[in-house]
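2 protein chains.
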Amino acid sequence: MDVNQLETPAAVVDLDRLEANITKLQGYLDQHGIANRPHVKTHKIPEIAHMQLRAGAVGITCQKLGEAEVMAQAGIGDIFLPYNMIGEARLERLTRLARRANLSVTADSAFTVTGLSAAVGRAGLELPVLVEFDTGLGRCGVQSPHEAAELARTIARSPGLRFGGLMTYPNNEHTDGFVQATGVLLQGDGLALERVSGGGTGCMWQAHTHPEITEHRAGMYLYGDRNTMRSGAMTLEDCSFRVMCTVVSRPTAERGILDGGSKTFSSDLLGLEGHGHILEYPEARFYGLSEEHGHVDFSACRRRPEIGERVTVIPNHCCMVSNLFNEVVGVRQNQVEVIWPVAARGTLH
Amino acid sequence: MDVNQLETPAAVVDLDRLEANITKLQGYLDQHGIANRPHVKTHKIPEIAHMQLRAGAVGITCQKLGEAEVMAQAGIGDIFLPYNMIGEARLERLTRLARRANLSVTADSAFTVTGLSAAVGRAGLELPVLVEFDTGLGRCGVQSPHEAAELARTIARSPGLRFGGLMTYPNNEHTDGFVQATGVLLQGDGLALERVSGGGTGCMWQAHTHPEITEHRAGMYLYGDRNTMRSGAMTLEDCSFRVMCTVVSRPTAERGILDGGSKTFSSDLLGLEGHGHILEYPEARFYGLSEEHGHVDFSACRRRPEIGERVTVIPNHCCMVSNLFNEVVGVRQNQVEVIWPVAARGTLH
Chain L
1 MDVNQLETPA
11 AVVDLDRLEA
21 NITKLQGYLD
31 QHGIANRPHV
41 KTHKIPEIAH
51 MQLRAGAVGI
61 TCQKLGEAEV
71 MAQAGIGDIF
81 LPYNMIGEAR
91 LERLTRLARR
101 ANLSVTADSA
111 FTVTGLSAAV
121 GRAGLELPVL
131 VEFDTGLGRC
141 GVQSPHEAAE
151 LARTIARSPG
161 LRFGGLMTYP
171 NNEHTDGFVQ
181 ATGVLLQGDG
191 LALERVSGGG
201 TGCMWQAHTH
211 PEITEHRAGM
221 YLYGDRNTMR
231 SGAMTLEDCS
241 FRVMCTVVSR
251 PTAERGILDG
261 GSKTFSSDLL
271 GLEGHGHILE
281 YPEARFYGLS
291 EEHGHVDFSA
301 CRRRPEIGER
311 VTVIPNHCCM
321 VSNLFNEVVG
331 VRQNQVEVIW
341 PVAARGTLH
Chain X
1001 MDVNQLETPA
1011 AVVDLDRLEA
1021 NITKLQGYLD
1031 QHGIANRPHV
1041 KTHKIPEIAH
1051 MQLRAGAVGI
1061 TCQKLGEAEV
1071 MAQAGIGDIF
1081 LPYNMIGEAR
1091 LERLTRLARR
1101 ANLSVTADSA
1111 FTVTGLSAAV
1121 GRAGLELPVL
1131 VEFDTGLGRC
1141 GVQSPHEAAE
1151 LARTIARSPG
1161 LRFGGLMTYP
1171 NNEHTDGFVQ
1181 ATGVLLQGDG
1191 LALERVSGGG
1201 TGCMWQAHTH
1211 PEITEHRAGM
1221 YLYGDRNTMR
1231 SGAMTLEDCS
1241 FRVMCTVVSR
1251 PTAERGILDG
1261 GSKTFSSDLL
1271 GLEGHGHILE
1281 YPEARFYGLS
1291 EEHGHVDFSA
1301 CRRRPEIGER
1311 VTVIPNHCCM
1321 VSNLFNEVVG
1331 VRQNQVEVIW
1341 PVAARGTLH
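Taken in sequence, the protein lines are chains L and X. Quick note: the numbering used here has the first sequence finishing at residue 349, numbered continuously throughout. Quick note: the numbering used here has the second sequence finishing at residue 1349, numbered continuously throughout.
If you are wondering where the hints come from, they were derived from the structure by calculation, not from laboratory data.
What follows is a set of in silico ranges between Cβ atoms, one per label pair, in the way DEER data are often shown: (1) X/Ala1192 to L/Leu279: 42 to 50 Å; (2) X/Ser1144 to L/Glu309: 19 to 27 Å; (3) L/Arg157 to X/Thr1023: 56 to 64 Å; (4) X/Ser1144 to L/Pro341: 43 to 51 Å; (5) X/Pro1159 to L/Val338: 34 to 42 Å; (6) X/His1146 to L/Gly271: 41 to 49 Å; (7) X/Arg1054 to L/Arg303: 45 to 53 Å; (8) X/Gln1206 to L/Asn334: 47 to 55 Å; (9) X/Ala1192 to L/Glu254: 28 to 36 Å; (10) X/Arg1230 to L/Glu283: 28 to 36 Å; (11) X/Arg1332 to L/Gln73: 31 to 39 Å; (12) X/Gly1033 to L/Asn334: 52 to 60 Å; (13) L/Val338 to X/His1146: 45 to 53 Å; (14) L/His50 to X/Glu1194: 54 to 62 Å.
Here are some chain L residues pointing at chain X (derived, C-beta under 7 Å): (15) Glu7; (16) Asn84; (17) Phe111; (18) Pro251; (19) Ser290; (20) Ile307; (21) Gly308; (22) Asn323.
Bear in mind the structure is a predicted one, so any value in this text is a computation, not a measurement. Even glycine gets a Cβ: it sits at the ideal position worked out from N, Cα and C.
Just chain L, same shape as in the assembly (with noise of 0.2 Å):
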């Protein structure tokens, strides 16, 4: 089936070009000796999970557990889960995917701490937890080598737990000065740093530069979209993840409409002007969202399209509109090669 038979809106991923940026993340990370440990809440996808551990990563990495739970499903063995695990239910689901998953987690809190001991202590395992920190980005962590070190104490010496070293999200220059300085405060207790973890698509060139870091998750690289090319990581070319829309309303001479809004690429704007680029008018403005209409302006188009034309779109953030979609299409040259389902789509939990 040719690309342009699909219905639209469709989520396209050209297979080339996504083998290609796999390949590349991890040629580079293996050169300098770091651990790949891709982040699949951009895909959320198991097939593409293997083809990213058959290429070298040594696990994947997870924002939910939910995800986590599809995708030891689908056999994978190695899961990081970066996030704290609150809340009674969800540590029962957590103690039952770490007896069948290598599973690791990170926590920011004695509170987190204290729940995953009393969860997984009660079932015998060892759960390595590495303590989360901030250094910039103002999220989750803890906020000074003197709490990280302080956290660290406290999960070694906690019942089913593991001190597993640090994580942070993204890399920056305060990075290494951070990991060194809680890795001298640990010293006196004999506790290592077993890994390091950072991550970031962004930042991903650069990963090399942060000695301290062991390991890299990245999420973005094997799509990309106008967010990663601002950043300088990726170019358009390198952009493996489209949205084909089909024109279905031309009301005045300089306005569009496509089948695509802001249930399709979501509002997520990341600091962009308008909604997407379009291929084959890069001159267009898509400026507005409703729910299923895209409002493009083409006045700045020599050409203009016409009503029932197909126009393909490079989204602004390509992991919010991948969990939109119920299926994400593999094409070759074109043709559809294969039709994924968007397994860990929706799995807030």
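Assemble chain X onto chain L, guided by the hints.
Chain X alone, transformed into the frame defined by chain L:
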């Protein structure tokens, strides 16, 4: 099961409020002799659509053919699809659906009408097609009564189609004038305005001020959100839909992190400040979203939450949020009464 035993993030609907909202709009529209044709894109749950029909709705509205297919499979027989149906595969599916359900659609171009006629005409059906007109939204729709009349004539002479009237969104001060002018232009053709379909939740209580409107499409009125509150159409007490989250991190004295981010709340701002209203902490500022983390500033709150505490969030845009969940939980007096799969979720085709 108590609502507080649900894993978070959880999309929860208070059934008493849901039923009250359904009853209230139905009563208002009945009082004014306007047909109620609720838009199911908000909930995408067949059982709720049946509740709306039992309350007195004449039929439902769907935004995508896939939604309509799910609703027809659930036994719903009268479906309006106010969307340009374009593309061979889609028109084939539309024709199949038109055999089973009392279907009507819209068009704003001869291109759409030609496709509809070719597909439906072959099948020996008569499909009502309403002309979509635009009086300010700047999305789809013909731009003038002359265009509307011309397209109405095209529909009327197309095999398999019947001119079904006019459709717009949202109702505004130009609606009635546009309808009247179109009606005058069509008098000589013997073409009556069988239906004039208006829509919107923000403007729903003004539907009676539009003498030309014969039916109204509202979607959000049964859930409510910050956007419908801002419009003045609903109060906080009317809102039946909310998202329960857990505070998973308190990295600083001010900052709290929730276990719901842009994959839970969507990034829709709709011109609002922040990403949601936290019932337990009304002074909190829900200022940021990562994909699976919500960033909240609690500095204005006298009491601040502990890690592990649950909070209840009224989101900005309920339609986007329910589309991100696999299930919506119906509760009465905080006891779980039903867990509904969001059956038509992700129906982008």
